[in-house]
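S.K.: Spelled out, the chains give:
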Amino acid sequence: MSYLELLKLASPETIVVITALAVLAIGLVTGRAKSTATVSTAKPTQSANETSTATGICSAVAVLGLAIAIGTVLMLPRNATLFGGMLVITPLTSLFKIICMALAFFTVLLTKSEKSLRHPGEYLALVLFATVGLMLLVGSEELLMIFIGLELLGLSLYVMTAFDKTDVRSAEAGLKYFLFGSTSSAFTLFGISLIYGMSGTTSLAAISDKLTGVSIQALLAVGIVMTLIGFAFKIAAAPFHLWAPDAYQGAPVPSAAFIASASKVGSFVVLGKIVLVGFAPVHGDAAWHAMVAGWSPVLAALAALSILVGNLVALVQSNVRRLLAYSAVAHAGYTLIGLIAGDRDGFSAALFYATIYAITLVGAFGVVAMVRRETGGDDFSNFAGLASRSPLLAGCMSVFMLSLGGIPPLAGFFGKFYLFSVALRADANHGLLWLVAVALLGSFISLYYYLMVLKAIFVDEPALAAARDVSVVPPALLPRATVAVLAAAVLLLGITPEILAARILAAVP
Amino acid sequence: MIAWTIYITFAGAVLLLLLPRAFARWIALLATIAGLALGLIALVRTPVADLAHFTTIVRVPWVPGLGMNYHLAIDGVSLTMVLVTGLSAVSTVLFSWDVEHQQNEFFFWLLLVVAGCYGVFLSADLFLFFAFYELVIVPKYFLIAVFGSTNKEYGAMKLTLYSFFGGMLVFIGILSAYVTAGSLDLNQLSQFQFSPQLQSWAFPVLFLGFAVLAGIWPLHTWAPTGHVAAPTAGSMLLAGIVMKLGSYAGLRVAMNLFPQGFQMWSKWIVFLAVVGIVYAAAVALRQRDLKFVIGYSSVSHMGFVLLGLAAATALSVSGAVLQMFSHGVIAALLFAVAGRMIYRRTHTRELDELAGMNLNRALPFAAFTFVIASAASMGIPGFSGFAAEITILIGAWRTYPLAVWITGAGMVLVAAFTLRALKQSFFGEAEPSVQLQEGRVALDPDWNEQQSITAAEKCGACLLMFTTVAVGLYPKLLLDRIMPAVEAMRFLK
Chain U
1 MSYLELLKLA SPETIVVITA LAVLAIGLVT GRAKSTATVS TAKPTQSANE TSTATGICSA
61 VAVLGLAIAI GTVLMLPRNA TLFGGMLVIT PLTSLFKIIC MALAFFTVLL TKSEKSLRHP
121 GEYLALVLFA TVGLMLLVGS EELLMIFIGL ELLGLSLYVM TAFDKTDVRS AEAGLKYFLF
181 GSTSSAFTLF GISLIYGMSG TTSLAAISDK LTGVSIQALL AVGIVMTLIG FAFKIAAAPF
241 HLWAPDAYQG APVPSAAFIA SASKVGSFVV LGKIVLVGFA PVHGDAAWHA MVAGWSPVLA
301 ALAALSILVG NLVALVQSNV RRLLAYSAVA HAGYTLIGLI AGDRDGFSAA LFYATIYAIT
361 LVGAFGVVAM VRRETGGDDF SNFAGLASRS PLLAGCMSVF MLSLGGIPPL AGFFGKFYLF
421 SVALRADANH GLLWLVAVAL LGSFISLYYY LMVLKAIFVD EPALAAARDV SVVPPALLPR
481 ATVAVLAAAV LLLGITPEIL AARILAAVP
Chain L
1 MIAWTIYITF AGAVLLLLLP RAFARWIALL ATIAGLALGL IALVRTPVAD LAHFTTIVRV
61 PWVPGLGMNY HLAIDGVSLT MVLVTGLSAV STVLFSWDVE HQQNEFFFWL LLVVAGCYGV
121 FLSADLFLFF AFYELVIVPK YFLIAVFGST NKEYGAMKLT LYSFFGGMLV FIGILSAYVT
181 AGSLDLNQLS QFQFSPQLQS WAFPVLFLGF AVLAGIWPLH TWAPTGHVAA PTAGSMLLAG
241 IVMKLGSYAG LRVAMNLFPQ GFQMWSKWIV FLAVVGIVYA AAVALRQRDL KFVIGYSSVS
301 HMGFVLLGLA AATALSVSGA VLQMFSHGVI AALLFAVAGR MIYRRTHTRE LDELAGMNLN
361 RALPFAAFTF VIASAASMGI PGFSGFAAEI TILIGAWRTY PLAVWITGAG MVLVAAFTLR
421 ALKQSFFGEA EPSVQLQEGR VALDPDWNEQ QSITAAEKCG ACLLMFTTVA VGLYPKLLLD
481 RIMPAVEAMR FLK
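Note that the protein sequences, when read in sequence, are chains U and L.
Just so it is clear: in the first sequence, position 360 is 360 by this note's numbering, and no numbers are missing.
Just so it is clear: in the second sequence, position 250 is 250 by this note's numbering, and no numbers are missing.
FYI, nobody ran anything at the bench for these hints, they're computed from the structure.
Model, not experiment: these values are computed from the prediction.
Virtual Cβ for every residue (Gly too), placed ideally from N, Cα, C.
Heads up, a few of these hints could be off.
[What the hints assert, rightly or not] Restraint ranges, calculated between C-beta atoms of paired labels, are given here:
(1) L392(U) - T399(L): 54 to 60 Å
(2) L30(L) - M291(U): 20 to 26 Å
(3) G182(L) - E5(U): 44 to 50 Å
(4) S388(U) - S452(L): 32 to 38 Å
(5) A507(U) - M264(L): 42 to 48 Å
(6) E353(L) - L312(U): 56 to 62 Å
(7) P364(L) - G377(U): 54 to 60 Å
(8) S388(U) - R420(L): 39 to 45 Å
(9) N79(U) - V58(L): 37 to 43 Å
(10) E172(U) - F271(L): 56 to 62 Å
(11) D209(U) - M264(L): 48 to 54 Å
(12) T399(L) - A507(U): 32 to 38 Å
[Claimed, not checked] Chain U is nowhere near these chain L residues, computed Cβ spacing over 10 Å in every case:
(13) I33
(14) N360
(15) R361
Turn these sequences into a full structure, and let the hints guide you.
M.R.: If you want it as structure tokens, here you go:
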């Protein structure tokens, strides 16, 4: 093992880190100049212009770096293992590194529409560091490394959430997210240490070997449950979802988009690996009449609760970002069903669902960012009349909302069909039918609030104040194009889901 | 070639988004006429023998990993439904000729509904079928919530939620069939032997899900409010074809896949159908709003369809399919008169107010149309409604004579409310206070300019009237194609 080879195999991560440092440096140079200018001359328009140039340069560099890193992933060997699983390269890790970087890529593009970011360099560097955390998380089959990845991701996200210093809700959201997140990290670490104590190893494959034939005893049960609780925080499954509404609503929009998309996909990949590879021998059974202790009944309870709580609470929201947060709780529940179903099909259905969900949410937050920019808020009343102000955004938002609701021919419909059919097939006797029925009931409920968003956009009359502001703000072309591309992707993945589903299925071991 | 009905209609919808407003209604008209023409060509050109079983037209692998195919097929039942879709679509566009606001958007949603319906009627793959089925629901919401009238947001949301509730039940039923049989091909599934235990719960779930859309009592309440809230075009499409999606799907999917489950539950369906026929007719008798009368009459007539399906003889099921066709035409005609011809000129649908206007002199063409439509709706011989309902009742006599007795009594109620509506709307006692002339209603000063019935309205009405008379006089044209296809279905054996 030479360092050269390590550098070669970890080149995508390295490139992203270098990009992050470069962006930080650029931000430092341009940002400092700008802040002195603001203080001395007090010309807001000029400083705004300078900020937007700085944002432009920084995001161009970040986008370029991510694109190069994606290219590098494609050139890596198909399979490699370093340090006993600390860094692995498999088709699955490569695919999801690409997906995570692509989501980060779109998040960076959305950053342009955010006015409140006074230090774009630092912000974008944090996005990139979070991306590195995700890549480490995805590309490891070893508990310690996974924990390090989680922490790198988490710490970057806490700061990203609290980044808007002009908004007190951003600070509140950041603090809440930090407190919940660090507690959950403690849970995970405790769980991991118990698992280590039982098996004497931190490599997932070795843990699986050690656990084979072991009956579930108190120590193991506590270890498993603690580990799962940590991840339940990360994916915002009820009852560990309490940070999500505030974080989604208070954070700067690109941060919320990143938390909802890339962070979620990465967490599902690694959660899937832990339960399906590491804890495979203690699967248990979540069938209605034949529950067997293991991790799957725990996840099933989390999934059912998430679906019900998320959807029911979302019904009464009047803020679109809060609504998306509660719907995210419900979607985490749907996705868990795939993991509960187990095997290769279940994992790939869950990953497919998580991926299209992430794409949809980045797009939805993109629309939210634009509406916020034009009307200064993101309540239903701010969305009223969007159809006449901007047919493009209205059309894109309806694609995203309907896809989340599972309406054909959009990606969400196929995702749900795939997920639920796999879950029903997993048990010879339709054992998971109860969970599928709960999920379908939940998605029926969810259609009501997605339709309420569309009703605001297409049917409601705009408030006068909202209509007046529109002409003041010049339209942001790049974020608009980004949103349109994402909407097209959601439609395309609904019509030809094979292009992604087959790739994921082939990549899952 | 019949598959092009779907593509042309979707292409029309996409074009509407791209082209300026001036072309909107022409694109919509051309797309729908093309659909109708394709249906008619298929009716003439396809040999009757080929329509006896569900013959594949297109079959392309879609998601091979999950066994999904883009698979379209046709038999006599599908062809009949495609025809009624085409007829309703063309007349709907003609009756929406002067939509003022957001024309492109209006026709976009309208064509999406039509295209989705074509898709449902032609799908032979369960996933494809369900995709089209769910696709229809959202455009309906927008059509009503944006362009509707009375209480539109409530009506639209109620209708949509009922539809999605049905869709949820259907989803469970479809998944259970797919997972058990491992196939999504309707022809293969209808050969598969599902266990009686599965059928006993999967059939009612699936059938009930479909029946929500067909307006089965007591889940019918979305239909009257939805019809009233919808713009005329929306009501015509809803009553004309969307309600038929439910009954068609119940026949094609639920009954065909789970014949034993169907036998276990058929008497309950008969019970609900008969209650629906009588109850809805009785409620219609007491309505003051003309559209509510027609809305409840739709529920009552759909009860006949469900009765015909549940009676499960070749004759009754064929009658049910014919009734789907016939009611599609008649309901469209009734709604066109009430929503367009009358409401647009008088700005009221209240029967009490209409009674004072003596509309038969002001709007003679509308009066004529409404008389024809009412006669067809009541089941006067010579119109399609009679041919369909008598076939259902004769067919059902063998299996459920009591139901036929009760339904026969219920038909008196149907005649009663139809005559009441007819008399009050067009032939009320004239009050001397309102001065009326030929082609003029002097009620609303703003509307005096364009009072006479337009050419587009006349074309649409004549198309529908001609169809109901033609099929009424020569039902063999359709029955010859429906019967063999129905006889080939599994649940009859």
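S.K.: Now, for every hint given, state plainly whether the structure supports it.
M.R.: We went through each hint and held it up to the structure:
1. Evaluation of the 54 to 60 Å hint for L392(U) and T399(L) yields a pass: the beta carbon distance comes to about 57 Å.
2. Hint check: L30(L) to M291(U), Cβ distance near 60 Å, so the stated range 20 to 26 Å is violated.
3. Checked against the given bound of 44 to 50 Å, the beta carbons of G182(L) and E5(U), roughly 46 Å apart, stay inside it.
4. Restraint check, S388(U) to S452(L): a C-beta distance of roughly 34 Å satisfies the suggested window 32 to 38 Å.
5. Checked against the hint of 42 to 48 Å, the C-beta distance between A507(U) and M264(L) comes to roughly 45 Å, which is consistent with it.
6. E353(L) and L312(U) have their C-beta atoms about 44 Å apart, which leaves the hinted 56 to 62 Å range violated.
7. Against the hinted window of 54 to 60 Å, the Cβ-Cβ separation of P364(L) and G377(U) comes to about 56 Å, which satisfies the hint.
8. A C-beta distance of roughly 43 Å is found between S388(U) and R420(L), which places it inside the suggested range of 39 to 45 Å.
9. A C-beta distance of roughly 41 Å is found between N79(U) and V58(L), which places it inside the suggested range of 37 to 43 Å.
10. E172(U) and F271(L) have their C-beta atoms about 58 Å apart, which keeps the hinted 56 to 62 Å range intact.
11. Distance hint check: the CB atoms of D209(U) and M264(L) are about 51 Å apart, consistent with the given range 48 to 54 Å.
12. Roughly 56 Å separates the CB atoms of T399(L) and A507(U), a value that falls outside the hinted 32 to 38 Å.
13. Every C-beta of chain U lies more than 10 Å from that of I33(L), the closest at about 25 Å, which supports listing it as non-interface.
14. At roughly 38 Å, the least C-beta separation between N360(L) and chain U is larger than 10 Å, which holds for a residue marked as non-interface.
15. Against the 10 Å criterion, R361(L) stays outside the reach of chain U, whose nearest CB is about 39 Å from its own CB.
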